[in-house]
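Construct the complete structure from the given sequences, taking the supplied hints into account.
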Amino acid sequence: MAKFNTQASAVDMSEATVESTVTPLSRAHLVQKHYYAPTESGGSQQAYIEDQSANLVVEAAISIIINGIHYAVLMASPYQLEYLAIGFLFSEGLIQHSHDLLDWEVTQLTDMASYQRFTQDSMDENDTAGSFEQTLAQLQDYDIYVVELTLNQRSHQRIQAQRRQLAGRTGCGMCGITGLTQALPDLSGYKSNNHSQEHFQRDLERDLKSDLETNLASGFHDKSQNQPENSVRNKAAMPSFDYLLQIRAQVDATQHTHQLTGAVHAAATMQGQHLHLFEDVGRHNALDKLIGWQLRHKVDVDCVVMTSRLSIELVQKSIRSQIPWLVGMSAPTSTAVCVAERYGLGLAGFLRDNRVTYYSGF
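Counted the way the working numbering counts, the sequence shown spans residues 1 to 362.
Some hints here could point you the wrong way.
Said to hold, decoys possible - With a Cα cut of at most 25 Å, we get these calculated DMTMM-like pairs of lysine to aspartate or glutamate:
id, residue 1, residue 2
1, 33, 51
2, 191, 51
3, 298, 148
4, 33, 59
5, 298, 59
6, 33, 50
7, 191, 313
8, 298, 105
What the hints assert, rightly or not - Label pairs and their in silico Cβ distance ranges:
id, residue 1, residue 2, range
9, 186, 254, 35 to 43 Å
10, 160, 34, 28 to 36 Å
11, 50, 191, 51 to 59 Å
12, 47, 254, 31 to 39 Å
13, 47, 298, 26 to 34 Å
14, 34, 299, 41 to 49 Å
15, 189, 32, 25 to 33 Å
Bear in mind the hints are in silico, worked out from the structure with no lab data behind them.
Quick reminder that beta carbons are idealized off the backbone N, C-alpha and C, glycines included.
As structure tokens, this is what we get:
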């Protein structure tokens with residue numbers, strides 16, 4: 001049974017690498033590759049078969065237990081779990097600040113005793129010893145981590161008010177949601193014009209004092225001069241094309257797990273000249289990790305770049321976290337663009353091949 005120190009969190013990629021030495025992010029697997037190789041004469045191609053070793057990304061079941069309540073099961077990459085938990089709780093509307101999380105503990109199920117401890121509560125009283133053993137044998141096909149969270153009383157009341165069972169699946173941020181009001185919530189309370197006056201004033205002063213050359217160097221276009229004098233500038237300036245290409249290049253160079261396995265997404269943001277990148281098999285999990293890091297360290301994020309398409313759950317999470325710009329390497333969905341426009345989120349996609357397409361906020 002492996003337990004992780006609640007104070008040990010992956011602040012950046014270097015610390016994530018330290019954590020990954022304890023938690024395997026990939027495993028080798030024997031594969032058989034079939035392919036055609038070109039011939040020098042240009043004649044018919046010859047077919048080859050090779051046995052090779054391939055690296056497969058680890059996809060684990062993360063059981064979220066909140067104040068003793070089995071709340072959700074997420075399929076995710078089993079590292080940076082503190083950030084994942086904080087970001088997930090915030091995205092679910094269960095916490096408002098990182099300090100709402102009083103304590104946390106991660107346990108990896110590795111032996112029969114640990115499986116029995118965390119499965120006995122879910123077993124029916126009519127289950128026989130044989131069926132229980134069969135269940136345990138089945139679970140051992142999976143990498144399973146239990147994240148036990150202790151929230152303050154106010155957050156606990158929110159859980160009781162909206163308690164639900166959620167069976168998460170890779171690539172789907174809405175799995176388990178049964179009510180339309182939960183799947184399509186009113187996010188007007190998170191609109192960017194509800195940012196604090198201090199945040200607004202800082203952004204305004206930053207843009208007004210910057211000339212065009214400085215703005216291009218920093219990666220953002222200043223559009224404040226095109227706005228009415230009495231308008232509230234409630235979002236970060238539009239990220240420039242060159243700035244986004246620089247982030248894209250850094251993401252490509254830094255996404256080590258994807259380079260190894262070809263099977264994970266990433267959410268990334270720049271703080272000054274430093275890239276903060278969070279990888280996971282699920283794109284929504286990667287964004288939750290970034291949001292958890294943002295809350296944990298109380299930093300403002302102007303732009304998040306995702307290596308995936310931009311679906312509605314990513315837009316909703318960004319609006320809740322008051323992230324001004326969300327950029328994807330693939331296309332957004334129609335609903336994602338509609339909701340982004342309604343709530344003032346800047347959205348861009350197809351950040352690849354020396355191009356980008358802005359869908360809102362321009």
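Hints versus structure:
{"no.": "1", "hint": "33 <-> 51", "verdict": "holds, 6 Å"}
{"no.": "2", "hint": "191 <-> 51", "verdict": "violated, 54 Å"}
{"no.": "3", "hint": "298 <-> 148", "verdict": "holds, 23 Å"}
{"no.": "4", "hint": "33 <-> 59", "verdict": "holds, 23 Å"}
{"no.": "5", "hint": "298 <-> 59", "verdict": "violated, 29 Å"}
{"no.": "6", "hint": "33 <-> 50", "verdict": "holds, 5 Å"}
{"no.": "7", "hint": "191 <-> 313", "verdict": "holds, 16 Å"}
{"no.": "8", "hint": "298 <-> 105", "verdict": "holds, 22 Å"}
{"no.": "9", "hint": "186 <-> 254: 35 to 43 Å", "verdict": "holds, 37 Å"}
{"no.": "10", "hint": "160 <-> 34: 28 to 36 Å", "verdict": "violated, 55 Å"}
{"no.": "11", "hint": "50 <-> 191: 51 to 59 Å", "verdict": "holds, 55 Å"}
{"no.": "12", "hint": "47 <-> 254: 31 to 39 Å", "verdict": "holds, 37 Å"}
{"no.": "13", "hint": "47 <-> 298: 26 to 34 Å", "verdict": "violated, 58 Å"}
{"no.": "14", "hint": "34 <-> 299: 41 to 49 Å", "verdict": "holds, 48 Å"}
{"no.": "15", "hint": "189 <-> 32: 25 to 33 Å", "verdict": "violated, 54 Å"}
Violation of the numbered hints given earlier is confined to hints 2, 5, 10, 13 and 15; the remaining hints are satisfied by the structure.
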